[in-house]
Amino acid sequence: MKNLLLTTLFIAILTASNAQELYIKPLFSFSSGLLPTTYSTASDATTITIDTSITEYTYEQSNISLGAGKRFGLAFEYQPNNKLAYGFSASWFKSNDHEIISSSKMEYDPYVIYNLQIIQTDIFRKKSLDLNLYTHIYLSEGSTAFYLNTGLLFSISNLGLHREVFIRNNMPGYYPTEKYEYEYKITPSLHYGVSSSAGVELWHDKFVSAFIEANAIFMNITPKTRTCTSKTWNDEDQTASMTISERDGEYVESYSDTDNASDNEPTKILSYKKSCSSIGIVCGFRINL
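Using numbering that gives the first Met the number 0, read the sequence shown as starting at 0 and increasing by one per residue.
By construction, these hints were calculated from the structure, which means they are not laboratory data.
Please note that a few of the clues may not be correct.
Stated by the list, open to error - Okay, derived cross-link-like pairs now, EDC-like style, lysine to aspartate or glutamate, Cα gap no bigger than 20 Å in a straight line:
(1) K126 with E140
(2) K93 with E182
(3) K126 with D204
(4) K230 with E180
What the hints assert, rightly or not - Listed next, with one range per pair, are the computed distances between beta-carbon atoms:
(5) L115 with F29: 40 to 48 Å
(6) V251 with I112: 37 to 45 Å
(7) T54 with I112: 28 to 36 Å
(8) T37 with S255: 45 to 53 Å
(9) S244 with A209: 52 to 60 Å
(10) P79 with T238: 51 to 59 Å
(11) Y191 with N81: 27 to 35 Å
(12) Y85 with P25: 14 to 22 Å
(13) Q60 with P25: 33 to 41 Å
(14) I280 with I53: 30 to 38 Å
None of the values given here were measured: they were computed from a predicted structure.
Just so you know, even glycine gets a beta-carbon here, dropped at the ideal spot from N, CA and C.
Build the full structure now, drawing on both the sequences and the hints.
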């Protein structure tokens, strides 16, 4: 009886040992934005006559998620049995550029040759190193295996804003054209969210298999500060001459008109959440180590 128990235990340990596998997974993904943030912009056009000044406003909304983009990475998985695996992935993500454009125009009637136009273009960008801890659940076995993933995603981000201000001015005594360019860095840099996916693995029982999955990431960023790292005027560097209010910004829930009166204090900016959620396709290979 004792020998039978020992033999059974030895077989169980050997079977469990054989079931435990380590895998490496090169991966690539492309994604679209999910649950975007709505940005509202206002443009104005003013016509000035001898007796009157009339301003018309137009409003536009842009739905933007910084989760839209491309990703390259590498995942490692430990599979203790045929139904379950635990994984860790490290990936590099670069978002698509997202433009928000607003303008302000003024002209004199009937002397329409005298006019002023200001066009501001804001481009939001996100680059990040993302670390994902996840659980991999197999729904079937065999050569073609269906599975689900769920995990926690940590993102070390470089979140930036590129701003261009183009001025066309036909007023006497002014530069006919001017172009300002600003580069902003937005903090905090560390964010987290959740990820989930459903996919299929082909040639699951082979040394090298291929997989494709539908993936969703749910993550928002609440900015805290904004710092201007570069300012140019007509390609002339003016970064060193910036005031504190030009260089530094602080996101707040609310502020009054008098809060931004000083050049020696950071500019108050209304705080809002930026969506980094996405839905996309992930594909790659799974290699048995």
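Verification of the hints:
no.: 1; hint: K126 with E140; verdict: 37 Å, violated
no.: 2; hint: K93 with E182; verdict: 17 Å, holds
no.: 3; hint: K126 with D204; verdict: 36 Å, violated
no.: 4; hint: K230 with E180; verdict: 6 Å, holds
no.: 5; hint: L115 with F29: 40 to 48 Å; verdict: 42 Å, holds
no.: 6; hint: V251 with I112: 37 to 45 Å; verdict: 43 Å, holds
no.: 7; hint: T54 with I112: 28 to 36 Å; verdict: 20 Å, violated
no.: 8; hint: T37 with S255: 45 to 53 Å; verdict: 25 Å, violated
no.: 9; hint: S244 with A209: 52 to 60 Å; verdict: 54 Å, holds
no.: 10; hint: P79 with T238: 51 to 59 Å; verdict: 55 Å, holds
no.: 11; hint: Y191 with N81: 27 to 35 Å; verdict: 31 Å, holds
no.: 12; hint: Y85 with P25: 14 to 22 Å; verdict: 18 Å, holds
no.: 13; hint: Q60 with P25: 33 to 41 Å; verdict: 39 Å, holds
no.: 14; hint: I280 with I53: 30 to 38 Å; verdict: 51 Å, violated
Hints 1, 3, 7, 8, 14 from the list above are not met by this structure, while the remaining hints are.
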